[in-house]
Structure formats: structure tokens, C-alpha cells
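Each residue of the sequence shown is one higher than the last, beginning at 1 in full-length UniProt numbering.
None of these hints come from the bench; they were simulated from the model. You may find that some hints are simply not true.
[Unchecked claim] List time: in silico BS3-like cross-link candidates among lysine-lysine, alpha-carbon distance up to 30 Å:
#1 K63 to K93
#2 K63 to K43
#3 K63 to K40
#4 K63 to K89
#5 K155 to K89
#6 K93 to K155
#7 K43 to K89
For clarity, every value in this text was computed on a predicted model and none was experimentally measured.
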Amino acid sequence: LLSLQGHDDEVFVLEAHPFDQRIVLSAGHDGNIFVWDIDKGTKIRNYFNMIEGQGHGAVFDCKFSPDGQHFACTDSHGHLLLFGFGCNKYYEKIPDQMFFHTDYRPLIRDANNYVLDEQTQQAPHLMPPPFLVDVDGNPHPTRFQRLVPGRENCKDEQLIPQLGYVA
1 LLSLQGHDDE VFVLEAHPFD QRIVLSAGHD GNIFVWDIDK GTKIRNYFNM IEGQGHGAVF
61 DCKFSPDGQH FACTDSHGHL LLFGFGCNKY YEKIPDQMFF HTDYRPLIRD ANNYVLDEQT
121 QQAPHLMPPP FLVDVDGNPH PTRFQRLVPG RENCKDEQLI PQLGYVA
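With the hints as constraints, model all of the structure from the sequences given.
Shown next, in the form of C-alpha cells:
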């Protein structure tokens, strides 16, 4: 039995490396993300999720990429944190704010107690792929819309949302 010391609060993430059995990742509510060598019982690397003006962000989940070269984490503020080797120029081009246009739509329940999107009256999982928008609901350019599963091969005109507002 091995006890790894480092976190100051509850840990809800313990993720094994996809093929290197010595490496695990831990993360938790203290905002710390640790990469461990469990053969030696030592920290290989640590990261702290500091959010400017708000303190630390609790880390809710982390996953390694299939090749083990990267990992991604999500936090209590809705941020996606990407770590890994190589150049980050590709990620620098991604907008800071990305939401699906359906993220904050009200949901209702039907007579059978199933959840429906209030506006379309459809089950959320049966709706067409959503559009990516900024915090104000403005659609992102078509090059970002193609990142949404189900929109990869759409024509440009299919990637321009016709978003209506219901008062």
C-alpha cells in the first residue's frame, strides 16, 4: 500500500497513464494536479490551477490522451486545462470563451417525466449538433463550428447559425 502526500483537500481524480504503469495523475478540490511515479512514490510534476482574481479552481476531472503525451482537466469554473508536450500554437488560436448555444436553455419534463429542451420540445440527445458561441451568444466563425462532432463535413452555409430569440 502506497500513500502519496501532496494534496491539501479532497482528491476526486486518480487517472492511470494509458500504457506506463508507473505513472498516475491526481487532482482535487485544492486546485493541485500532480503527476506521480508510483514505483518510487514521488511527484514527477505538479501544477496549480490559479484563476486570476478568484483564487484556485477545484479540479473535477482529468484524462490522459490515448498516446499518453497529453492530459486534459476540467475545473469548477468551467475551464478546460490542456497539458502536454510540443507546441501550443494551435491552442492559442482557440477563443477563450466557447459555449454551445444550447448550454443554458431551460429544460422541462414531459408527461412521462423525460427531459426536453423547452424551446424545441425535443430530448437534448436527439437535437442537431449545437453551434459554438461566445459568452454573449455570438457565433464563432465556421472554422470553429467544424470542431463540433456532427459538423465536421458541413458546407460553410450550414455552419452559420440561424439563431432566433424568443421573448
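Hints versus structure:
1. K63 to K93: Given that 30 Å is the threshold and the Cα spacing comes to 22 Å, the pair holds.
2. K63 to K43: holds, 18 Å
3. K63 to K40: Holds: K63 and K40 sit about 22 Å apart, inside 30 Å.
4. K63 to K89: holds, 21 Å
5. K155 to K89: holds, 26 Å
6. K93 to K155: holds, 22 Å
7. K43 to K89: holds, 28 Å
The structure shown violates none of the earlier numbered hints.
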